[in-house]
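Protein chains in written order, with this note's numbering: chain A, 24 to 427; chain B, 24 to 427.
A hint or two may mislead.
[Claimed, not checked] Which stretches of chain B does chain A cover? Using the computed rule of at least three CB atoms under 8 Å from a CB of chain A, they are:
| hint | segment |
| --- | --- |
| 1 | 111-122 |
| 2 | 138-151 |
| 3 | 157-166 |
| 4 | 211-225 |
| 5 | 307-321 |
| 6 | 398-406 |
| 7 | 412-424 |
[Said to hold, decoys possible] Here are some of the chain A residues that sit facing chain B, going by a computed Cβ distance under 7 Å:
| hint | residue |
| --- | --- |
| 8 | 66 |
| 9 | 185 |
| 10 | 189 |
| 11 | 415 |
Quick caveat, the hints were computed from the structure, so don't treat them as lab data. Ideal placement from N, C-alpha and C gives every residue a C-beta, glycine not left out.
Protein chains: 2
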Amino acid sequence: MPLDTALRARASRVIPGGLWGHLNAARLPEGYPQFFARAEGCRLWDADGREFIDFMCSWGPIVLGHRHPVVEEAARAQAARGDCLNGPAPVLVELAELLVATIPHAEWCLLAKNGTDATTSCVTVARAETRRRKILVARGAYHGAVPWCSPSIAGVTEEDRAHLIPFDYNDAASLEAAAGCAGADLAGIIVSAFRHDMGVALELPDPAFARAARAAADAAGAALILDDVRAGFRLDLGGSWETVGVRPDLAAYSKAIANGHALAAVTGAERFRDAATRVFTTGSFWCTAVPMAAAVATLTELRRLDGPARMRAMGERLRAGLDRLAARHGLAIRNSGPPAMPLMQFADDPGARLGEAFCAAALRAGAYFHPRHNMFLSCAHGEAEIDAALEAADAGFAAVARLG
Amino acid sequence: MPLDTALRARASRVIPGGLWGHLNAARLPEGYPQFFARAEGCRLWDADGREFIDFMCSWGPIVLGHRHPVVEEAARAQAARGDCLNGPAPVLVELAELLVATIPHAEWCLLAKNGTDATTSCVTVARAETRRRKILVARGAYHGAVPWCSPSIAGVTEEDRAHLIPFDYNDAASLEAAAGCAGADLAGIIVSAFRHDMGVALELPDPAFARAARAAADAAGAALILDDVRAGFRLDLGGSWETVGVRPDLAAYSKAIANGHALAAVTGAERFRDAATRVFTTGSFWCTAVPMAAAVATLTELRRLDGPARMRAMGERLRAGLDRLAARHGLAIRNSGPPAMPLMQFADDPGARLGEAFCAAALRAGAYFHPRHNMFLSCAHGEAEIDAALEAADAGFAAVARLG
Chain A
24 MPLDTALRAR ASRVIPGGLW GHLNAARLPE GYPQFFARAE GCRLWDADGR
74 EFIDFMCSWG PIVLGHRHPV VEEAARAQAA RGDCLNGPAP VLVELAELLV
124 ATIPHAEWCL LAKNGTDATT SCVTVARAET RRRKILVARG AYHGAVPWCS
174 PSIAGVTEED RAHLIPFDYN DAASLEAAAG CAGADLAGII VSAFRHDMGV
224 ALELPDPAFA RAARAAADAA GAALILDDVR AGFRLDLGGS WETVGVRPDL
274 AAYSKAIANG HALAAVTGAE RFRDAATRVF TTGSFWCTAV PMAAAVATLT
324 ELRRLDGPAR MRAMGERLRA GLDRLAARHG LAIRNSGPPA MPLMQFADDP
374 GARLGEAFCA AALRAGAYFH PRHNMFLSCA HGEAEIDAAL EAADAGFAAV
424 ARLG
Chain B
24 MPLDTALRAR ASRVIPGGLW GHLNAARLPE GYPQFFARAE GCRLWDADGR
74 EFIDFMCSWG PIVLGHRHPV VEEAARAQAA RGDCLNGPAP VLVELAELLV
124 ATIPHAEWCL LAKNGTDATT SCVTVARAET RRRKILVARG AYHGAVPWCS
174 PSIAGVTEED RAHLIPFDYN DAASLEAAAG CAGADLAGII VSAFRHDMGV
224 ALELPDPAFA RAARAAADAA GAALILDDVR AGFRLDLGGS WETVGVRPDL
274 AAYSKAIANG HALAAVTGAE RFRDAATRVF TTGSFWCTAV PMAAAVATLT
324 ELRRLDGPAR MRAMGERLRA GLDRLAARHG LAIRNSGPPA MPLMQFADDP
374 GARLGEAFCA AALRAGAYFH PRHNMFLSCA HGEAEIDAAL EAADAGFAAV
424 ARLG
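Taking the hints into account, I'd like the entire structure generated from these sequences.
Okay, here's the thing in structure tokens:
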């Protein structure tokens, strides 16, 4: 019996459903492992020793590559002094100054542990500053896993979402109508870096929509909140809406900020500084020094490498290769999203049956893709790794072609 | 200029109020440092190199002592393989089995990063299972730092707390009255391990109150939720209410679970397993393997040492010494709380003016105490360290005596 199977059986007895949340392999095509033994660069090994070229990067956190030597050396050096203390280590100041210097809208920052901590703090700070309640949220957008924003409604009360007003991403008219509904009670507008709802094609932000969101927030004196948890530091070091020329008042970061070390951040404009002082936001591990040292190393290395440009180039190479191979197999595909966070879907594939067959076959050939969720590239993905992954993709397309 | 002063000045420009949350040194007596350079066992050093015997243990996480070799070796060994992967490492199963074997009420567990994640998940799971809304919460109790439970109301809407009903800790009649108010809509009762409201004497749970809470939950078919975030694994490895013979349905853990590595856990009874499957609770770092390896090592070491007994004994030695010294200085004090999580207050000391003078003088003499919040002992505190801290306390009492 594979070790993965044995571990799943044991896990199912002591963890509800075998695993909580987004890393539950039950949501993946057949053959995907649940448990992993190790990782290095853009490669990872499951508990049974199978090796994969990784296109999920731990669903975003790994931006430089697994076990990156510069980041891990910074983490080790800080750990040798101390991590969880009665207050922060000096590296907090270094990191906070680096974030403020790197992100144009940021005059200050708060740190936390989860992306959900950061999005929740943004909403709370927006309400505290404006002394209003309504928050505009795009239909289907993911902003975290607590009652106000969870994709599940189990255990959620009506009041948890009482002051949310929906709009459609990239639809300026619907956003303006939602702002009209909120009227004088509009506290904030929260937007994802791009539209990345599960299972549908990704959409980059329309610059006109982004400007409309900025204008609606300005007209009402409300906060424009950028949820950059998933895309932050992968598309643009200054924030993912720098590409469309729109700056938020508050932004939420996590995932890639420390190359896999647990950290999140809120950055904010001057106007919201006092409110951020009044909101009580804290956690037992929010001042730990090791993830901060890892974040300084990660952001410095991303700047040195021009990480976003490198990931974009490798994402474009992957995308071009997928297009070429699909055409060769006579298959119609659709690539969407930013090249560094791509999604590939088959045409006429409701339920992603073809996507699942593609992924399952590519996995057997050594590439870990995802059929429904945007994937992630890292700076450890070079031309050789992309080309090796394309060989695995070729096996995936062949499997789909055989399905007829 | 002290380095701490320079760091605070820089921090105040890029972090609202200089620091978020409970580790902000502005809430501490004069002379307390904000920034720390390193730590080892029960000693820590501030950014200016001053050495202290530590009685806050990072406000709870450090239970074996800073940089504990067994824990750090387990963390290093896991980090050398991988930490943040596309799923958990096998150590997840080991930890989940260990938690279920250690905590009598637990049939399953979920992991997370913050104590607030764990308390929020408990409340959501209780609502999902019962399909009801009301949660009973003790007045003044701290259960986390998000809108439903934050001690600040900045940015909080009325709806965030719509279904909370207050009662008084250790007052069975008030709890039963609150349950009566909830009626058929009672989803859960959340209780701290002991009463540890900031600034007032600590109160151990009255066994009759604990039994009344269990009975009220049972009578309504609601969940009894133990918030063991602060006290868990320090008072009793099986859960802090084992001492009063009452078992919860759901419990929240964090702080001490991995000796300073970021981790939290929910443990639950069988009845709540299905609801825990339906609630979507997740985070980017909730499957990271290093904190899990640290937790296995921490819990194993705590069991091997009988950590709770050891911390209790050293806490009793500290308390007896404080009583003896206070009497010698002609000062009236009141010790409260579990010996491993003690609070010492002066009689007739509104605003803790005497407590602050005591702490400031003891700090100068090398002991890091707290005047208002419960303190924490660790397994690294031995007789020599307690006795050295009592010498510092003697200087603190002398300073208070001089105030007349």
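Consistency of the hints with the structure:
1. 111-122: Holds, because 8 residues of the segment 111-122 of chain B bring their Cβ atoms closer than 8 Å to Cβ atoms of chain A.
2. 138-151: holds (count 10)
3. 157-166: violated (count 0)
4. 211-225: violated (count 0)
5. 307-321: holds (count 6)
6. 398-406: Not satisfied, violated; 0 residues make the cut.
7. 412-424: violated (count 0)
8. 66: violated (11 Å)
9. 185: Since chain B brings a Cβ to about 4 Å from residue 185 of chain A, closer than 7 Å, the hint holds.
10. 189: This hint is violated: residue 189 of chain A lies away from chain B, its Cβ roughly 17 Å from the closest one there, beyond 7 Å.
11. 415: Hint on residue 415 of chain A: violated, closest Cβ of chain B at ~16 Å, above 7 Å.
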